[in-house]
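S.K.: The chain contents come next:
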Amino acid sequence: MSIKAFTIALALLVSAAPLAAQPYPNKPIELVVTSNPGGGVDLLFRLLAEEMSKTLKTQVNVANQAAASGAIGAEKVAAAKKDGYTVLGSLLGQIATMNVANPKGPAHLQHHFQPVAALYGYAAVILLSRADSEFKSVKDIVALAQKKPGEIIAGVGPTGTSLTLEIELLKRAAKINLTSLPLAGSAQTIANLLGGHVQLAMASDVAALPHIKSGKLRGVAVDVTSVSLPEVPTFAKQGYPQVNLLAHLVFLAPKGTPASVVKTLADSIKKSLQEPKLQENLKSRGYNVDPRTATADLDKLVQDEFYKYNRFGADELGWKAQ
Amino acid sequence: MDTLNLLLQGVLTAASPENLFYGFAGVLLGTLVGVLPGLGPAGAIALLLPLALHAPPLAYMIMLFGITYGAQYGGSTTSILVNIPGEASSVITCLDGYAMARQGRAGPALGIAAFGSFIGGMIALVGLAFLAPALAEFGLHFGPPEYAALMLFGLTALVYLAHGPMDKALLMALVGALLASVGLDPVSGAPRFTFNFLVLRDGIGLTPVVIGLFGVSEVLLNLDAKAGEVFQDKVRGLLPSAQDWKESAAPIARGSLLGFLIGAIPGLNVVIATFASYALEKKLSKHPERFGQGAIAGVAGPETANNAASCSGWIPLLSLGLPTGSVTSLIFGALMMHGLAPGPLFIQNSPQLFWGILGSMVLGNAMLLILNLPLIGLWIKVLRLPYFYLFPLIILFSIIGGYTVSGNIGDVVIVILFGLIGYGMRKFAYEPAPLVLGLVIGPLLETAIRRSLIMSHGSAMIFLNRPIAALFVALALLMLASPLLLRRRLGREIVDKLEES
Chain A
1 MSIKAFTIAL ALLVSAAPLA AQPYPNKPIE LVVTSNPGGG VDLLFRLLAE EMSKTLKTQV
61 NVANQAAASG AIGAEKVAAA KKDGYTVLGS LLGQIATMNV ANPKGPAHLQ HHFQPVAALY
121 GYAAVILLSR ADSEFKSVKD IVALAQKKPG EIIAGVGPTG TSLTLEIELL KRAAKINLTS
181 LPLAGSAQTI ANLLGGHVQL AMASDVAALP HIKSGKLRGV AVDVTSVSLP EVPTFAKQGY
241 PQVNLLAHLV FLAPKGTPAS VVKTLADSIK KSLQEPKLQE NLKSRGYNVD PRTATADLDK
301 LVQDEFYKYN RFGADELGWK AQ
Chain B
1 MDTLNLLLQG VLTAASPENL FYGFAGVLLG TLVGVLPGLG PAGAIALLLP LALHAPPLAY
61 MIMLFGITYG AQYGGSTTSI LVNIPGEASS VITCLDGYAM ARQGRAGPAL GIAAFGSFIG
121 GMIALVGLAF LAPALAEFGL HFGPPEYAAL MLFGLTALVY LAHGPMDKAL LMALVGALLA
181 SVGLDPVSGA PRFTFNFLVL RDGIGLTPVV IGLFGVSEVL LNLDAKAGEV FQDKVRGLLP
241 SAQDWKESAA PIARGSLLGF LIGAIPGLNV VIATFASYAL EKKLSKHPER FGQGAIAGVA
301 GPETANNAAS CSGWIPLLSL GLPTGSVTSL IFGALMMHGL APGPLFIQNS PQLFWGILGS
361 MVLGNAMLLI LNLPLIGLWI KVLRLPYFYL FPLIILFSII GGYTVSGNIG DVVIVILFGL
421 IGYGMRKFAY EPAPLVLGLV IGPLLETAIR RSLIMSHGSA MIFLNRPIAA LFVALALLML
481 ASPLLLRRRL GREIVDKLEE S
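Protein sequence lines correspond, in order, to chains A and B. Letter by letter, the first sequence follows residues 1 to 322 in our numbering. Letter by letter, the second sequence follows residues 1 to 501 in our numbering.
Calculated directly from the structure, the hints in this document are not laboratory data. Using N, Cα and C, we set each Cβ at its ideal position, and we do this for glycine too. Please note that the accuracy of each hint is not assured.
Computed beta-carbon distance windows for the label pairs [to be verified]: (1) 470(B) <-> 175(A): 30 to 40 Å; (2) 315(A) <-> 50(B): 30 to 40 Å; (3) 105(A) <-> 15(B): 54 to 64 Å; (4) 61(A) <-> 246(B): 45 to 55 Å; (5) 59(A) <-> 339(B): 18 to 28 Å; (6) 54(A) <-> 253(B): 48 to 58 Å; (7) 246(B) <-> 315(A): 58 to 68 Å; (8) 27(A) <-> 407(B): 14 to 24 Å.
Partial selection, computed: residues in chain A whose CB lies under 8 Å from chain B [unchecked claim]: (9) 50; (10) 150; (11) 160; (12) 192; (13) 195; (14) 209; (15) 210.
Whenever a hint applies, use it, and build me the whole structure from the sequences.
M.R.: So, in structure tokens, the structure goes:
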């Protein structure tokens, strides 16, 4: 290295030091995502973080902390410095179910977090049947279930997720009895439906799409109109508006984070989501882009979420005490 | 013929400089995470996910796949050298691999592990190319009752095939199954034995337990060694001898087949393939008493089986788009990031990607063999380190390994705790391997049985009135009854032997 280059490098290093006093953000931001890497929630946060890195002109790094249904990640952010460099990216319902089941437990939405932004109804949950089966609509299912209570088996997701709870809501709304078979998630529910071990399956619309396209499975109903499968009617359209746990993704900062920092983050999220390329990217992967950043909207969203899950017992939400 | 052509095309695609570079980076990284206990392919792929948005799709996928099978090569290294499995799928390699290292035969053990992995990987790859769609369809026939029956058969087979103190092995398998029940109930979601510790909600992880039981306890057991003593200074041979090859050929062939079949059934752990192969080799061997004392067949079979199983494990994902474990889910996510959702039409719609990945596996396995053989000389030097350098290093890597699993300090506590438990177990001659098997199979068996009974509203007939399930139950019963039927013949054999002597 020449002396000149060395001096320049040194000068750059020195000039970097006063950056600390510059306005937010001036160093990388850690986005703690409470889902496993590679899944649908994680993927959306990663695509968004990439775009936010450009609008904020600093790196936004995704760190996955899915342990204990997200409770450990949520606790970590709740206890982090209130400077906007550690934020939580999560399914709102994931934290809300935990709070509803155990209000005194760790990391409470209203006591420990400041909502920054939400992605309203980011993805759809779909009720599937086999393409060669008699179940073409919710009505068909209800009719048979009334005749033969408990005989129809529905493959559902892990306890406490929409994949399980929405079937519970359907049972209550239609006053029918279906047998819920708890499986590990969309891939397993679809595999069991393809193999004929269950007659119905709950899955994410993105996971179901290729199997509907290949002609093996049929979409019976969705909780919210799906971006990738717009032709599948909602439960509401088929007479059961109660069957909807509309899932939202949220960005949360620790409570007490300065308002200006929260605004910078929220603006960046809004601006990123207006980027045509990202919008296209998200839509082609089946995500619904409907951001909410106004404080009043967010507070109501959190309120509604508590109301939504209050209908269920702690054991149904997967947070039963020992 | 058509398939061979397509595979050849794939190899040519994968041989482009860019793809070759990414492939090499992948297998190198895979070997590294395989060698390091704790950090596995899932962790490495998760770290590389952000790159997905910048790298070309095929090259990127070639790299990620390279990590997964590279890890199977690397996993055996620490098992053989220092008795810590680099991956859970190399647990069983500790038994004979480490015994071989103590006899100064670490070189042949490492060599046969590399050759076995290569052969197993290539055979499974050919199977993958020709049979993927058909096997995927077959896999769908396995619902909860079929899994339950298969697990029952598997457990019976392993117990029946095992020699040695059966009571202690069974006891350890049960302890493993009991430990596996810690965490959220897989069916109802209720927490069990978590004592309100958040870290225990996800259960006791396989990796921290394995690191503790094998690695930490090994160090504790050796604490009475004299200062300055080295692990092994006489090293006999770097590569497997002709005799070694003769003893390993059949186990490698059987391991390939067994690994391929077990891997193709969605949801079965690679660990199960290695245990099955070990048990099979021990049963078929003319000298079963040498197993555990450094029998090379006990390294060759399982090390072949794990690579074959990890290769055929791609079948459900690639031909149906159904991820079956944490690594396949990550690869699924990576494909999604490129907008390439795998599904039933994936092979049809993205032939270049599918065959390119398969082609890269041919090249990657060859690269791994070339990479691993010269490394043997280097690894063996590690054994010349005096105890007082080597042991703190083992403890250090064990603790780091426990932490990297999920970034929780709770896992480090589990590593240390199980190090102490493992020490006690080995002092009283309880083998840790059956405990690991219980930890793996316990939850699979439990969920399968409970899900089956939900489907049948509590009737156990569900295991008998479905053909595949009934077949496995029948086989399990037959195996249990066979000692009774064979007793007379065995009795005569013993009498004959006594008369001879």
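S.K.: Against each hint, give a clear statement of whether it holds in the structure.
M.R.: Now the hints, each set against the structure:
1. Checked against the given bound of 30 to 40 Å, the beta carbons of residue 470(B) and residue 175(A), roughly 37 Å apart, stay inside it.
2. For the pair residue 315(A) and residue 50(B), the supplied restraint of 30 to 40 Å holds, since their beta-carbon distance comes to about 38 Å.
3. In this structure the supplied range 54 to 64 Å holds for residue 105(A) paired with residue 15(B), their Cβ-Cβ distance being about 55 Å.
4. Between residue 61(A) and residue 246(B) the Cβ separation comes to about 53 Å, which falls inside the hinted range of 45 to 55 Å.
5. Distance hint for residue 59(A) and residue 339(B): a CB-CB separation of about 24 Å, consistent with the stated range 18 to 28 Å.
6. Distance hint for residue 54(A) and residue 253(B): a CB-CB separation of about 54 Å, consistent with the stated range 48 to 58 Å.
7. Our hint of 58 to 68 Å for residue 246(B) and residue 315(A) holds, since their Cβ atoms are close to 60 Å apart.
8. Range check, residue 27(A) to residue 407(B): Cβ separation about 21 Å, and the 14 to 24 Å hint holds.
9. A cut of 8 Å between beta carbons decides the hint on residue 50(A): the least distance to chain B is about 6 Å, and the hint holds.
10. For the restraint placing residue 150(A) at the interface with chain B, the shortest Cβ-Cβ distance is roughly 7 Å, inside the 8 Å limit, so the hint holds.
11. A distance limit of 8 Å between C-beta atoms decides the matter here; for residue 160(A) the minimum to chain B is near 6 Å, and the interface restraint holds.
12. For residue 192(A), the shortest C-beta to C-beta distance to chain B is roughly 6 Å, which falls under 8 Å, so the interface hint holds.
13. The beta carbon of residue 195(A) comes within 4 Å of a beta carbon in chain B, closer than 8 Å, and the hint placing it at the interface holds.
14. At a threshold of 8 Å, the smallest CB-CB gap from residue 209(A) to chain B is about 7 Å, leaving the interface hint in force.
15. Interface hint status for residue 210(A): upheld, as the beta-carbon distance to the closest one in chain B is roughly 2 Å, under 8 Å.
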